[in-house]
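K.L.:
One-letter residues, chain by chain:
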Amino acid sequence: MSAVTASATHAGPLRVLLQNRVVTLSIVVLGIFAIAAIFAPYLTPYQPNGLSMRERLLPPSSEHWAGTDELGRDIFTRLIYAGRVSLAVGLGVAALASVFGVVLGILAGFFSRLDPAISRLLDAMMAFPDVLLAIALLAAFGGSLLNLIIALAIVFTPRIARVVRASSLVVRELTYVEAARALGVSTPRILFHHVFRNITSPIIVQATFIFAAAMLSEAGLSFLGIGIDPSMPTWGVMISAGRQYIDTAGWLILFPGLAITICVVALQLTGDGLRDALDPRIRKSI
Amino acid sequence: MVSYLRTRLLGMVLTVLIVLVFVFFIARLAPGDPAELLLGPDASAADAEALRERMGLNLPVPVQFLSFLGQLLRGDLGTSIFYRQPVLEVMAARAEPTILLTLMSLAIAVTIALPIGIYGAYRRGGAFDQGAVAVAMLAAALPNFWVGLLLQKYLGTDLGWFPVSGYGNPDASIWERVQHLVLPSIALGFAQSAIILRFSRASMLDVLGDDYIRTARSKGISERRVVLRHALRNALIPIVTVIGLSFALLISGAVITERVFNLPGVGSLIVGAVLRRDYPLIQAALIVVAALYILVNFLIDMIYLAIDPRVKY
Amino acid sequence: MHTSSPPLAPPTLEVTALQTSFIYKRFSVKAVRDVSLRLERGKTLALVGESGSGKSVAALSLMGLLPPAGRIVGGQAVYRQADGTTHDLARLQRRQMRRLSGPDLAMIFQEPMTSLNPLLTVGDQIVEMLLTHERLSREAARKRTLDILRLVEIPAAERRIDDYPHQMSGGMRQRIVIAMALVCNPALLIADEPTTALDVTIQAQILDLMRRLQAELGMSILFITHDLGVVAEIAHQVAVMYAGEVVEQAEVGQLFSSPAHPYTQGLLSSIPHAMRKNPEEGRRARLNPIPGSVPPIHALPEGCTFRPRCPHSEQRCTLPVTLETAGPGHRTRCWKWEAVQWSTRH
Ligand SMILES: Nc1ncnc2c1ncn2[C@@H]1O[C@H](COP(=O)(O)OP(=O)(O)O)[C@@H](O)[C@H]1O
Ligand SMILES: [Mg+2]
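Protein chains in written order, with UniProt numbering: chain A, 1 to 286; chain B, 1 to 313; chain C, 1 to 346.
Source of the hints: derived by calculation from the structure; they are not laboratory data. Quantities reported herein were computed from a predicted structural model and do not represent experimental measurements. Note that the Cβ used here is the ideal one computed from N, Cα and C, for glycine as well. Keep in mind that a hint or two might mislead.
What the hints assert, rightly or not - Non-contacting residues of chain A with respect to chain B, defined by C-beta distances greater than 12 angstroms in every case (computed):
id: 1; residue: I27
id: 2; residue: V185
id: 3; residue: H194
id: 4; residue: T200
To be verified - Cross-link-like lysine to aspartate or glutamate pairs, in silico, EDC-like; alpha carbons within 20 angstroms at most:
id: 5; chain 1: C; residue 1: K143; chain 2: C; residue 2: D124
id: 6; chain 1: C; residue 1: K25; chain 2: B; residue 2: D129
id: 7; chain 1: B; residue 1: K153; chain 2: A; residue 2: D247
id: 8; chain 1: B; residue 1: K153; chain 2: A; residue 2: E70
id: 9; chain 1: C; residue 1: K43; chain 2: C; residue 2: D227
id: 10; chain 1: C; residue 1: K143; chain 2: C; residue 2: E128
id: 11; chain 1: C; residue 1: K143; chain 2: C; residue 2: D162
id: 12; chain 1: C; residue 1: K43; chain 2: C; residue 2: D162
id: 13; chain 1: C; residue 1: K143; chain 2: C; residue 2: D163
id: 14; chain 1: C; residue 1: K43; chain 2: C; residue 2: D83
id: 15; chain 1: C; residue 1: K43; chain 2: C; residue 2: E14
id: 16; chain 1: C; residue 1: K25; chain 2: A; residue 2: D276
Looking at chain A on its own, in the form it has when it is part of the complex:
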């Protein structure tokens, strides 16, 4: 009786996602960033570390779209090369945190004996501020791109693990899982087939938000000079290096700041869109 004349309620998640113009735009923006990162060498005639002392601190022009920095390097070129690193960090962290989180979450949700220990561990990890935990881990591991990704992945693991734990608790109680157990299906198979299928949506949504948060954290850590070798351009490194010239050559920090912001906004909007599209509860309640 409560049916409505809505097309949205009958469409698949992808349709719902793309029906939202803001989300579509965000995905397009992310696509542009990804293409720029992948094809960086073909998009610019300059080298990211090509010094040119005669062309120091030039404002944006038709030759140097985003100007040049204190060493005469083309900022636009550095932006797209930096995007490679920043996006790689975001993607790597999101993927790795998902793996860690799924393992911990399923163990906690499915094996009640492990649950208290894992839950407490997650609580304890949440008690550390992101940046602080990351720098402590980096202090322990030593700074490198890979260690940065691992450290941030550890920092964001509880976010995934909690979602997965909650979903597996629910799935565990579902009758079909009990039925499968009664039929003698082995526990790992049950886990894989039933649980995994039910938790992919919340994981994808969380992973998108982690992608965004990791990019911001990376920028912050690079700004602090912790983690990434400053000779490797990331957006955070560029801002950090450009801050001395803020009064004379504002474009040095303007463009990398905008790049981070736009990318993070696009990721968050996509995450919101995914959540609405993948969460059947929200769709049902209109």
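Once you've looked at the hints, dock chains B and C with the ligands against the given chain A.
P.N.:
Positioned in the frame of chain A, the structure of chains B and C with the ligands alone reads:
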């Protein structure tokens, strides 16, 4: 009530223990030998060995952990390698700017974000609401050191309204010190306000759809009263939780903000400690911050007791 | 109850062709499509219908309490005060509605567990109602609140007045909601399934209470329910709703003995036969689904909405149906009502 407190405290103690194990092993993972770090590069191998013996570094790891716990219980969190002083003293000397900075930014964030979020929810979908949601999204996406740098340039250097950086002379008055904290607090508060705005809006939306709001309206009381007396008080309950949880975020932000504005706070201290590999200091800072977080969230549970009659522990 | 002469005094509430929709960006839902009702002064009109037929939406429309997307898109609802002043509730400004809510119109909601504010004591919530509409001191308001709590039979009212809702059972909370609705002596009380969420003994107590209060206070009641047993117990008049429309209204005895709409007939035949002769006996009976199901709002059939499930349907039923008069004060939305009534008797 008593039994609730007992389980709650027990849980806290457990979490703190796990924090300690975690911190202990992070420090053990670190490359380099603490004894050598402590003595500096010029020390002889014999001296290093003697110090290692004295620090108990040659004992089995579980024994080391127990003695680490024992020291903690005596209030000894170790000695800073760089400052050559007990870490707690080093941190205490730097605590003021950090405490003031976090409190001021929280105050700024709450005063701005709470009313906007609540009014936005009340006028859901309207121009004001959509604008507020967009700004919150942006505030959450702006790197806060970048915002800090822009504030420094425009409000500090160009307009000259506030000190650009530092914490004043050593003998600066409290008023001067607070002035130095204005720009950092705005930068940090802005980032913080994003979460508070989103949550207060969501919480208010939730409450406005509740049955008792309809009942209140059916009584013929004014809209103002419906919103302020009936909806707001209920909406505040989850908002308080989020403010507690956002404490961790506030500290993260403070670490970066202090670097941007050259504030001599605990955040700068920690970054310096990492760059100098001052492990005892890093370790102590982690413990103190995590303990504070756990404490803040415990206090928030206690606040519930005061504001929600349903909560009877 | 057995007088079937036309009513003399003008009714307290007369709803004509009320239409309410929920309007969203991409679609809208016509929840109430055609509701006409007539409620006499001091009487009880039961509005019955399956879940989802639009009863609550109709009631909320009258009280001006629709959720944000809800709009009254047609019809009128004339409320007549004791002094003869009339108000069209479908077109009332918010401010005027607020003035009427409490002293004139009051509502009891379906969900006793969630209709009270958890952070305020029940006493405060009732006092607030009084202070809004009457010039009273706090003490006087508290005293009136105590009186009304005693009236709705809250035991140890002096103590319970300072309780929070969560400290009370569902039945007690519903009494509080009733007390709150009655404290300003409303002329018209709308009760939306006030007993559905309660267990059977409590339900009987609440019904007794409402009947007694009506006798004492002389208000008119629009009583919404999907329980025909309750109808038999409390109503003078009955209106039956189906898919957003009132399909039949009659005096209660008339409706039970000779329904003039096949939907009503189906509802009645699904409850024990004894009850139709002696309604008191069958009061536990619930509406039992007739074969088939209510059509979704976006796929309503043309003409009579009940046609796909109707044993009497024929070609002509695809044409629009209007309200027909099947007797004094008896209206039905079926042009074959005579055949329907005849089939009931045989
Ligand atoms: N907020 C709303 N938005 C859209 N449709 C609604 C809303 N509220 C109710 N409806 C629809 O209106 C119809 C009537 O609902 P309701 O009046 O609650 O039924 P009843 O009270 O008779 O059980 C239902 O089909 C329901 O889905
Ligand atoms: Mg209803």
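K.L.:
Now tell me if each hint is right for this structure.
P.N.:
Hints and how they fare:
1. I27: Per Cβ check, I27 (chain A) is outside 12 angstroms of chain B; nearest 16 angstroms; holds.
2. V185: holds (34 angstroms)
3. H194: holds (31 angstroms)
4. T200: Holds, because the least Cβ-Cβ distance between T200 (chain A) and chain B comes to about 25 angstroms, which exceeds 12 angstroms.
5. C:K143 to C:D124: Answer holds: K143 (chain C) to D124 (chain C) is near 12 angstroms, not above 20 angstroms.
6. C:K25 to B:D129: Holds, at about 17 angstroms.
7. B:K153 to A:D247: holds (7 angstroms)
8. B:K153 to A:E70: Holds, at roughly 19 angstroms.
9. C:K43 to C:D227: At roughly 19 angstroms apart (the allowed maximum being 20 angstroms), D227 (chain C) and K43 (chain C) satisfy the hint.
10. C:K143 to C:E128: holds (13 angstroms)
11. C:K143 to C:D162: holds (13 angstroms)
12. C:K43 to C:D162: It is violated: about 34 angstroms lies between the C-alpha atoms, which goes past 20 angstroms.
13. C:K143 to C:D163: Status holds; Cα separation ~16 angstroms.
14. C:K43 to C:D83: Between K43 (chain C) and D83 (chain C) the Cα gap is close to 18 angstroms, so the pair holds against 20 angstroms.
15. C:K43 to C:E14: Answer holds: K43 (chain C) to E14 (chain C) is near 13 angstroms, not above 20 angstroms.
16. C:K25 to A:D276: holds (16 angstroms)
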